[in-house]
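The listed protein sequences derive, respectively, from chains A and B. Residues in the first sequence are numbered from 1 upward in steps of one, following the numbering used here. Residues in the second sequence are numbered from 269 upward in steps of one, following the numbering used here.
Since the hints were made in silico from the structure, they are not lab data. Since the model is a prediction, treat every value here as computed from it, not as a measurement. By construction, the Cβ of each residue, glycine as well, lies at the ideal position given by its N, Cα and C atoms. Treat each hint with caution, since some may be false.
Said to hold, decoys possible - Derived DEER-like restraints, expressed as beta-carbon distance ranges: (1) A:S53 - B:P386: 46 to 52 Å; (2) B:A444 - A:L197: 33 to 39 Å; (3) B:T440 - A:D28: 48 to 54 Å; (4) B:T440 - A:T32: 30 to 36 Å; (5) A:A130 - B:V292: 37 to 43 Å; (6) A:T32 - B:A373: 43 to 49 Å; (7) A:S207 - B:A284: 56 to 62 Å; (8) B:T440 - A:E72: 36 to 42 Å; (9) B:A397 - A:T26: 25 to 31 Å; (10) B:A493 - A:V31: 50 to 56 Å; (11) B:T385 - A:A81: 25 to 31 Å; (12) B:A397 - A:L197: 28 to 34 Å; (13) B:L312 - A:D28: 37 to 43 Å; (14) A:R185 - B:R281: 43 to 49 Å.
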Amino acid sequence: MAVDAAMAQPGDPLLEVRGLTLQYKTPDHLVTAIWRVHLTVEAGDRFVILGPSGCGKSTLLKAIGGFMPPVEGSIALRGRAVTRPGPDRMMVFQEFEQLMPWKTVLGNVLFPMHATGRFRGRDAQDRARAILEKVQLAHAADAYPHMLSGGMKMRVAIARAMAMEPDILLMDEPFAALDALTRRRMQEELLGLWDQLNFTVMFVTHSIEEAVLVGSRILVLSPHPGRVRAELNSDGFRHRGADDPAFSQLARRIHGLLFDAPAAEEVV
Amino acid sequence: MNVDAKLRPEFERIPADVSSLGAVERKLPPLQRLAGNVVLRRGLILLALALLWQGYAMWLDNPLLFPTFTGTVSVLVRDLVTGELLARIGTSLEVLALGYAAGVAAAAVLTTLAVATPLGSDILATLTAMFNPLPAIALLPLALIWFGLGIPSLVFVLIHGTLWAIALNTNTGFRAVPEVLRMSGRNYGLSGVRYVVHVLIPAAFPSILAGLKIGWAFAWRTLIAAELVFGVSARSGGLGWYIFEAREELQTARVFAGLLTVIVIGLLVESVVFRAIEVRTVQRWGMQR
């Protein structure tokens, strides 16, 4: 699961976004969602994109996923330009219905492996079972998604993405639709998995607490259109929790960055 | 408002003894279990209808207008034994299978085009809006001019009867596939036919199945009606022709037997074939209750 460092050039970042501008069309408008954003993700980062709703953070993630061509600028993964969706950037979405309802839990985890032909036969089976074990869903391998709770569905979606050993895992507010208790547990589990497997993840959220807790590096975006406001380090809070004074200090700082924006920048 | 003024007393207790209740989970009495059985309930309705029929026919006592249930069944059994009815059913089902398969294939082509290109989508929408309201049987005269008397004409009207309903439902189903499922599929690098087969078709299966059911009902109706009009190749006629012939000979019990066969086949396909598909697919997947 550890990122294969041999493939990347030394000093080459895993993901590099340069001067990226994104626009999409609604029936009446051309909306600029992201404006000249730069960012760099290194292998092993827990890179959080944080911003209020409407700051284009999901759009940014979709573009990195290859679902949206840039209007300006470039996205490069390991030095190669991103042009289309691919299993080297597995996505986990916010919605529960991202699982294929016609496949069992095991079938869902196997599906991308078979679809891409990356893992086959026994190897794929073993991998799928091992990852289900890691997210504590081995007992539900033969259940269909409609029999699972929201948190379990999310764990399957994460397992399905991780089993592909992507270069980078893209998570679009994966815990937003969960209740507070489940959400808390899932954050812990994600960090636990990261401890074991040390993957690279890009995580979109609108919750400051979640960003500080889950992230190791936080990109703060300002809204309408999304522009870089700040990039902060937040490593080391995961084992200290929200009671830590440094935690609340960082959270307050981010809050200030998000909401006390200079009036001149309030372009709607 | 003021809660602490009169605090309600706390208490703890040992759960009450339930040994007098017997088992916590008990089987319902046999009568209640039987009442929950759908097959039994529907069977009873059918039985009541048969009794009503029998009673009315016996009271009317005019077999030429309204034969009894037992009379109809005995004709039905006799024709089944002699093999005549079986041959008619065989002819009808054969033509039906041909027309239905061709209709499904045509619908698959049209909807694939509609999914792949915006133009295909517009073509499908326009064609469906034009032809869906047109009764298939109204095309029979035209079919007779183009293809003459025989199976090709029947297949033509059957295709018309099934194609639009299936295409319309399938297309609606494809459009309703959640965006995240589509994106998941594309995330794995699926595209083209593989994307349609592995993502769109299973995700839209409830709608597709509904389309297949409507298409089947249209086809069956259309076929029987068309066979009634076909008055020529008597030897190879289907069920419709069997009914028509019986009327010509004023064998009313036979007319009833023919109609009964049409109904029974319709019921069987609906409640056995399609039901089995539903249980194995959309119900197991939790897409339909």
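Verification of the supplied hints:
The hint said 46 to 52 Å for the Cβ distance between A:S53 and B:P386, and at roughly 31 Å that hint is violated. B:A444 and A:L197 have their C-beta atoms about 36 Å apart, which keeps the hinted 33 to 39 Å range intact. At about 26 Å, the beta-carbon gap between B:T440 and A:D28 misses the expected band of 48 to 54 Å. The hinted range of 30 to 36 Å is satisfied by B:T440 and A:T32, whose Cβ atoms lie roughly 34 Å apart.
Between A:A130 and B:V292 the beta carbons are some 40 Å apart, a value that agrees with the proposed interval 37 to 43 Å. For the hinted restraint 43 to 49 Å between A:T32 and B:A373, the CB-CB distance of approximately 46 Å keeps it satisfied. As the Cβ distance of A:S207 to B:A284 is approximately 46 Å, the hint placing it in 56 to 62 Å is violated. Roughly 38 Å separates the CB atoms of B:T440 and A:E72, a value that falls within the hinted 36 to 42 Å.
A C-beta distance of roughly 27 Å is found between B:A397 and A:T26, which places it inside the suggested range of 25 to 31 Å. Distance hint check for B:A493 and A:V31: the Cβ-Cβ separation is about 54 Å, which falls inside the suggested range of 50 to 56 Å. Taken as a hint, the range 25 to 31 Å holds for the pair B:T385 and A:A81, whose Cβ atoms sit roughly 27 Å apart. At roughly 54 Å, the beta-carbon separation of B:A397 and A:L197 lies outside the given 28 to 34 Å, and the hint is violated.
A hinted range of 37 to 43 Å is violated for the C-beta pair B:L312 and A:D28, which are about 59 Å apart. The beta-carbon spacing between A:R185 and B:R281, approximately 33 Å, falls outside the hinted interval of 43 to 49 Å.
When held up to the earlier numbered hints, the structure conflicts with 1, 3, 7, 12, 13 and 14 and fits the remainder.
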